[in-house]
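Residue numbers (the numbering used here), protein chains in the order written: chain A, -16 to 431; chain B, 8 to 332; chain C, 63 to 333.
Wrong hints could be hidden among the right ones.
[To be verified] Simulated pairs of lysine-lysine, PhoX-like, Cα-Cα distance not exceeding 20 Å:
id, chain 1, residue 1, chain 2, residue 2
1, A, K322, C, K245
2, A, K349, B, K12
3, A, K378, C, K245
4, A, K419, C, K245
[Stated by the list, open to error] Cβ pair distances, simulated, as ranges:
id, chain 1, residue 1, chain 2, residue 2, range
5, B, N126, C, L73, 34 to 44 Å
6, A, M391, C, K245, 17 to 27 Å
7, A, M391, B, G122, 41 to 51 Å
8, B, A235, C, G82, 24 to 34 Å
[Claimed, not checked] Covered stretches of chain B (chain A as the covering partner; in silico rule of three or more C-beta atoms under 8 Å from a C-beta of chain A):
id, region
9, 22 to 34
10, 121 to 133
11, 225 to 232
12, 323 to 330
Since the hints were derived computationally from the structure, they do not count as laboratory data. Predicted model, so just to flag it, every value in this text is computed and none were measured. We treat Cβ as the ideally placed atom computed from N, Cα and C, and that holds for glycine.
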Amino acid sequence: MSRTFAIGGVDIKDYKLSCNKAIETLPSPALAFFPLSQHIGAPAVPVVAVGDSVKVGTLIARGESVMSASIHSSVCGVVKKIDAVQSVNGTNVPAIVIESSGDAEEWESEIDRSADVISECALSAEQIVDRIRNAGIVGLGGACFPTHVKLVPPKDCKIDSLIINGVECEPFLTADHRLMLEHSAEIVVGIEILKKALDVNIAYLGIESNKKDAIVLYDRLFSGRKDIKVVKLKKKYPQGGEKQLIDAVLGRRVPNPPALPANVGVVVENVATVYAVYQAVQKNHPLIDRVVTVSGTDVQNPCNLLVRLGTPVSQLIEKAGGVPQDTAKILHGGPMMGKVIQSTDIAVTKGTGGIVMLTVEQSKRKPEMNCVRCAKCVEACPMGLEPYLLARCAKEQNWDYAAECGIMSCIECGCCQSTCPSMRPLLDWVRYTKSKVGAIIRERNNKK
Amino acid sequence: MPQTKIISQAPHLHRNTSVVRSMTCVLIALIPAFAVAVCNFGIGALIVTAVSVAACVLFEWLGCRFLLHKPSSISDLSAVVTGVLLAFNLPSNMPVYQIILGAAVAIGIGKLTFGGIGNNPFNPALVGRVFMLISFPGRMTSWPLAGQFTAYTDAVTGATPLYYIKGMIQGYGVNMNDLPRIDDMLLGSMPGCIGEVSAVALVLGLVILLATRTITWHIPVSVIGTVAVISTALYFINPDLFINPVYHLLSGGLLLGSIFMATDYTTSPMTHKGMVIYGIGIGCLTMVIRLFGSYPEGMSFAILIMNAFVPLIDKGVHSKRFSKI
Amino acid sequence: MPQVIVLSLILLGSIGLIVGLILFFVSKAFAVETDQRIARIESLLPNANCGGCGLPGCSAYAAKAVEQGSLDGLVCNACTAENRQLIASILGSDAEILDEQVAVLRCNGTCSNRVASQAEYDGTKTCAIANMSGAGQWLCSYGCLGYGDCTNVCSFGAITVDAESGVASVNPDVCTGCGACVKSCPRGLLMLAPKTKPQKRIWVACANRDKGPVARKSCSVACIGCGKCAKDCSFNAITISDNLAWINPKKCFLCGKCVENCPTKAIKLFE
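Same shape as in the complex, but just chain A:
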């Protein structure tokens, strides 16, 4: 019997085209771009100047405040400029650009580059959090919340369980799946380290039923253990959402923002983050690379690539066989929550889980019809909201009623819009309402 979350959700075709492709390593780029803000919180502050030489793993920008994350160079070379480059959103953001000095790569000396798995960890909880902070690790599932902040929960919250997110519910993406299969030993050590850092007794690894091989593998690894369990989950989008996963695994409901999972005694970490934690704590290896899926129905060679951060997306696409003929959208992230990127010059950042290319037919929205009040959006909403009503609030500019109907707890998963038989752009309107109501609430709080 596989578990799942209680309210809403949709069953969407998963297109896991690259799930049997082993992770390949992409060579480091000639020119690497490091936006200073690759995480939630304050941008990192550069600690290098134009003309400085850096090695692989050198700190180039430090996260000064608590809610921030450091950035390390993923190539060996010279800082070319610190200037605005295009970001995922299409806006220009400040970034450090490093020109690689060629084939002979020099790494920072304290990084352990051997492939041996070190399972012993003698560090204290504080030392572990310190290492994670120094390595610049953020949540690699896409939200990019600094991990060291999560590991030090507010004083009044007692954490009793750790949930590892191996759900990967976005269609097309297989990066986490491959990582779980190929680096299981490291992930198990990583889970132990996180348990120690949080001082919890039990950890759960949530995996969706469409990754049978991973479930079997971890069932074997964890057999006979009480403190770490695999939870088999029914395939349903958006199970990878933090709140949905906690509901599915433990049956606990996280209250509305500003409440955090810590308020119900849980910390959730993505498997990719767990792997990065292992690398940072055991090998002194900062977050300079990550696994990225490049996929799409027409893509010649859908693949999973171990990519240095800062690599332009065009190199990843080249490796996957180039942009297919009738591609209309290139997405940063999965097709349910990802963003359209307008140029392939933008760089891989900490939050890049996948690059997905959609055909014209998949991309083009069909003509919008009248709402037939079928209630499918209400049924699909995993937060128990009424998307049709919130969209109507937007058209009527009725912000108070939208707030009353819980607009701020929307997680923008896209279930409503993808399930609407009248092809209405529900999430467009809901997102707009949410931004308006959010602005009004912030303004009121400021006045107080």
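With chain A held as given, fit chains B and C onto it using these hints.
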């Protein structure tokens, strides 16, 4: 430098649900009932259904073209569904002109005056049906006996079980031995409207609708459950006055109404809780009209009355939030 | 038969009469006393309910004005100066003289001037939502989107977006300067400019904050922030910030020198 050609915000994939697909599912679910109707009422059922569908589609096309000045919406099949449902609510001996008049009211007043698909507060097929019930009471309350394959307007008519139920309560001396047998009521060989006679076929339709996720269980189950509870309670109070509840469940438009008419997307509530309230309301009103009203059947009135309450239900009843505010 | 008709006529007629009488007496007996001035002020207001004053409509404006006994803080740009005086006299106070204003668009990026990107925007066609998905149809990410949010909020029908130019245009003869459109534009492109007599206005019809070469690449009439106008201006009315010129209407004497000398013709003169 390859560039993106289309820009829009997430989500970028659609599950390929569509109104046409939902309507097709409803039509498929109506096939068993239609097959039974043709077996029982022969050519009359065919003529009435064909005329009703053709008239509804025609009026929809005319209305969109000349009244609303919008692109025609007949391709979404909703007019076809309205036509079939209207026909299923009529006896198989209705003359053609009356059906066309009913279809005009159903589509014209029931649907297009409010702005077409998605905007109508009342179920269009039922608006048409009630209009006909009031305008042609004689025709609308005499039902051909099953088994007359070649008869149309000249068919021999008889009374439905609901007539006997009413007769029992109001004491106008009916012969209870004339009641159809339960197995006839399951298979549909009794007098009645075209689509309402066979319980088995209608339940099969419900299974199809549930399996294709066209509707949820909430409305049919709450309507049928309410009727079952009320009729069983009354039967236990006074079995001489009130009939065996099985007759209430299998006769009249209860199954057709609760499975196909009350579940109409546009005129039913948006939340599960609201659907249950709406269903219970329909069940209660149906029983009140059946037992105490002057009409033998109250399903269509009950649905229309509850349709009027849907905006109120939607305003007051919200879905269960993930986390309480 | 005639009997039936006569009877029903009498019956219906008398029902109508009786009900009418009841309604009349009830409305007299339960009439609510309202301040007569509210209705009088309301009749002097434009009654377009544009919301430019920040209140829900003209009757709310009238009620508020009567409540506070003056027009202090109550700005109705759509009201004529004459009517404003009349309202003030009803209230028994003086009206301050307001400059009449008119909305102008800080973008001249018509289809012939700006460069289209290769992408097509396929989302919901409103400016507010299109603006949230980043730049789309056009390379310039500051210019008018042309989906007509301002057209929709304008109670006076003064703003139109025609397909040929692709940008909004304000009809200054109809525009009352109520300011509803200023609030509606997600890119902040509309602003109120003083309506001088004879009608003449000068403003920078561009909001592009990119550096000169970048701005120039995306639109031929973009302000490139060169500063020529600021140097030329005899009254120090023009300042440059964020690669964009800004003309202070209070200092500008409408000499038109900047309009002639602007290398990209980004400064617009309306006569």
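Verdict on chain A covering the region 121 to 133 of chain B, criterion of 3 CB contacts below 8 Å: holds (count 5)
Pairwise beta carbon distance, A235/B to G82/C, judged against the given window 24 to 34 Å: violated, 50 Å
Assertion that chain A covers the region 225 to 232 of chain B - criterion: three or more residues, beta-carbon distance below 8 Å: violated (count 0)
Coverage claim, chain A over the region 22 to 34 of chain B, checked by counting residues with Cβ within 8 Å (three needed): n = 6 at 8 Å, threshold three: holds.
K349/A paired with K12/B [C-alpha distance capped at 20 Å]: holds, 16 Å
Supplied distance hint 34 to 44 Å, evaluated on CB atoms of N126/B and L73/C: holds, 38 Å
Distance restraint between K322/A and K245/C, which requires alpha-carbon spacing of 20 Å or less: violated, 28 Å
Cβ distance range 17 to 27 Å for M391/A and K245/C, holds or violated: holds, 23 Å
Cβ contact check, 8 Å cutoff: the region 323 to 330 of chain B against chain A, three residues minimum: holds (count 6)
Restraint status (C-alpha distance of K378/A to K245/C at most 20 Å): The hint holds at about 16 Å.
Agreement of K419/A and K245/C with the hint, judged by alpha carbon distance not exceeding 20 Å: Since the Cα atoms of K419/A and K245/C sit roughly 13 Å apart, the hinted pair holds (cutoff 20 Å).
41 to 51 Å as the expected CB spacing between G122/B and M391/A, which holds or is violated: Taking Cβ atoms as reference, M391/A and G122/B lie about 32 Å apart, which means the hint is violated.
The structure does not agree with the numbered hints 1, 7, 8 and 11 stated previously, though it agrees with the rest.
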